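Heads up: the sequence lines are chains W and B, in that order.
Each position in the first sequence, counted from 1, maps to that position plus 2 in the working numbering.
Each position in the second sequence, counted from 1, maps to that position plus 1 in the working numbering.
Keep in mind that the hints were calculated from the coordinates and are not lab data.
Fair warning: there could be bad hints in the mix.
Simulated restraints on C-beta separations [stated by the list, open to error]: (1) W:S33 to B:L105: 38 to 46 Å; (2) B:R14 to W:S33: 18 to 26 Å; (3) W:S33 to B:A108: 18 to 26 Å; (4) B:A32 to W:S33: 36 to 44 Å; (5) B:L57 to W:S33: 39 to 47 Å.
Residues of chain B clear of chain W, computed beta-carbon distances all greater than 12 Å [stated by the list, open to error]: (6) G4; (7) V34; (8) G67; (9) G88; (10) S112; (11) A115.
Bear in mind that the values here come from a model prediction, so they are computed numbers and not experimental data.
Heads up, the beta-carbon is just placed ideally off N, CA and C, and yes, glycines get one too.
One-letter residues, chain by chain:
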Amino acid sequence: MSPGMGSATVDALVVVGVALAVAAGLRSTWSP
Amino acid sequence: MLGSITPLGERGRGSRWWVTVTAYVLGSTLAGVAVGSGLGSLGSSFASRTPVTARLVVVALAVIAGLLVDAGYRGWVWGFGYGVQLGAGVVTVVTTSTVYVTWLAAALSGSAVAGALIGTTFGFARAIPVLSVAGVRRPDQLLHVDGVLIRWAAPARRATYGVGAVVACLALLGAARW
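Input sequences plus hints: build the corresponding full structure.
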């Protein structure tokens with residue numbers, strides 16, 4: 003994997019991960 | 002704790018007290034064995050390089066610090082401890098599978114900084130709704146907040162499904178692009 007490709011993949015994973023983190027974090031407010 | 006495991010209580014749960022208590026004592030002892038031996042192993046390389054005197058001083062300071070904490074700083078102690086527990090995401094009740102997938106994304110990001118960014122977002126988003134009860138001073142206000150949370154429970158569940166679907170699409174689009 004080239005350095006640029008790796009960086010772009012990390013960026014995409016960060017975007018996806020952050021979106022999931024927001025959803026998971028806020029949704030967990032309704033934990034019992 | 003002692004009030005919760007009595008012959009009276011166990012009879013009410015249809016259990017025999019001595020069976021529960023035997024299992025409880027055994028479980029507690031085994032957990033102690035596991036944690037103690039694990040920590041002993043983990044600390045062995047540090048301990049072998051550190052004189053006994055220094056290790057005793059560390060223990061003494063830890064005892065003193067612990068007593069100070071026990072004496073008067075309970076709020077921040079339990080607040081921090083509870084926060085750590087919730088921010089870890091998976092050591093208490095897990096309400097949504099997105100918690101697991103969040104940590105999967107952090108692992109697959111392959112970088113401490115990227116993982117930390119995802120983790121920071123989760124920990125903060127997990128904790129910040131607590132500010133919504135900042136104004137609760139009376140029981141009726143607490144009941145009101147409780148009512149709002151109940152009304153929003155189903156929409157929040159649906160919103161999580163929606164966000165999950167969008168994120169899955171984004172991830173697949175990203176995969177197609179790279």
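To see whether the hints hold, each was checked on the structure:
1. W:S33 to B:L105: 38 to 46 Å: Since the Cβ atoms of S33 (chain W) and L105 (chain B) sit about 19 Å apart, the hinted range of 38 to 46 Å is violated.
2. B:R14 to W:S33: 18 to 26 Å: With a Cβ separation near 24 Å, R14 (chain B) and S33 (chain W) satisfy 18 to 26 Å, so the hint holds.
3. W:S33 to B:A108: 18 to 26 Å: 23 Å Cβ-Cβ, so the 18 to 26 Å window holds.
4. B:A32 to W:S33: 36 to 44 Å: Distance hint for A32 (chain B), S33 (chain W) is violated at roughly 24 Å.
5. B:L57 to W:S33: 39 to 47 Å: holds (42 Å)
6. G4: For G4 (chain B), whose nearest Cβ neighbour in chain W is about 22 Å away, the distance exceeds 12 Å, so it holds.
7. V34: Holds, since 31 Å exceeds 12 Å.
8. G67: At about 29 Å from chain W, G67 (chain B) clears the 12 Å cut-off, so the statement holds.
9. G88: violated (9 Å)
10. S112: violated (6 Å)
11. A115: With a cut-off of 12 Å, A115 (chain B) comes too close to chain W, as the shortest Cβ separation is near 5 Å.
Violated hints for the displayed structure, listed by number in ascending order: 1, 4, 9, 10 and 11.
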